[in-house]
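*Asks:* Sequence:
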Amino acid sequence: MKNLNIFFTILIILIINSCLFALNILTSIKPLELIVREISPEANIINLFNSSEDFKNATFDESIYSNMDLIILLNNEISFKNDSNKIVLSEGVLYYPYQKNPFLWSDPLYTVVIAYKIEKKMESLDPKNAIKYRDNLLRFTQRLVELSDYVSKIAKDSKIKIIDMNNLLTHFYNRYNINYYLYRDDITITRQDVLISSIKYNNSTFNNLKNKKISIDIFLSGYNTIIEFYKNIIDDIFDDE
Numbered sequence: 290m291k292n293l294n295i296f297f298t299i300l301i302i303l304i305i306n307s308c309l310f311a312l313n314i315l316t317s318i319k320p321l322e323l324i325v326r327e328i329s330p331e332a333n334i335i336n337l338f339n340s341s342e343d344f345k346n347a348t349f350d351e352s353i354y355s356n357m358d359l360i361i362l363l364n365n366e367i368s369f370k371n372d373s374n375k376i377v378l379s380e381g382v383l384y385y386p387y388q389k390n391p392f393l394w395s396d397p398l399y400t401v402v403i404a405y406k407i408e409k410k411m412e413s414l415d416p417k418n419a420i421k422y423r424d425n426l427l428r429f430t431q432r433l434v435e436l437s438d439y440v441s442k443i444a445k446d447s448k449i450k451i452i453d454m455n456n457l458l459t460h461f462y463n464r465y466n467i468n469y470y471l472y473r474d475d476i477t478i479t480r481q482d483v484l485i486s487s488i489k490y491n492n493s494t495f496n497n498l499k500n501k502k503i504s505i506d507i508f509l510s511g512y513n514t515i516i517e518f519y520k521n522i523i524d525d526i527f528d529d530e
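Following our numbering, the numbering of the sequence shown begins with 290 at its first residue and continues without gaps.
Don't read these hints as lab results, they were simulated from the structure. Where hints are given, some of them may not hold.
What the hints assert, rightly or not - Here are the simulated DSS-like pairs of lysine-lysine, each with C-alpha atoms no more than 30 Å apart in a straight line: (1) Lys-445 / Lys-501; (2) Lys-409 / Lys-520; (3) Lys-421 / Lys-409; (4) Lys-520 / Lys-450; (5) Lys-410 / Lys-421; (6) Lys-502 / Lys-520; (7) Lys-450 / Lys-389.
Please construct the entire structure, taking both the sequences and the accompanying hints into account.
*Replies:* Below, the structure is given as structure tokens:
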């Protein structure tokens, strides 16, 4: 019994220590939060914007987040006095893809790049856990690459034509050479076209069309993992082929 008590005491101490040394991370949007959780499941993460409405309208008090170890932003959507521990994903290697379309995470292989940038910063902030972060990144990367290879195979022979009403999945279409058009007023929509829109898109003409329609939760507000997000996109687009 005494040995058992000692064991549980040590276990509790280890759990407390792991919590004490977990990084405090602020993400601006939920896709970034879910990527961080793949690299460090035990991190203390505060996410600011869970939907497009939040992203456009939310305000916050910077002093609340003054003790963050790391701040991860899409494109400087938030200004902080202390920029030393900040990652801005639209800078560097992702600058040009971001300029074309801000929804970088719609492409699994861009998500690999995002995860790599985040993991390297976490290593520098918490070198004691560097190996753990690297291992988690490797596992996450393997899953994303396998998923990307799968999409490449099924998209290769696909004859699907997509009209994207809100320019949501441009990076996804381009990655896998999927035939798509961005909606404009003079576009001709045929019965065979698949229509993709944001989850709250409301347009009377669109609503009356009988085409196959796919709603995309691009800010992942209803998802627990980003892998689940990709699987839903794949199933929704290719399920009839």
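*Asks:* Tell me, which hint numbers fail for this structure?
*Replies:* Every hint satisfied by this model.
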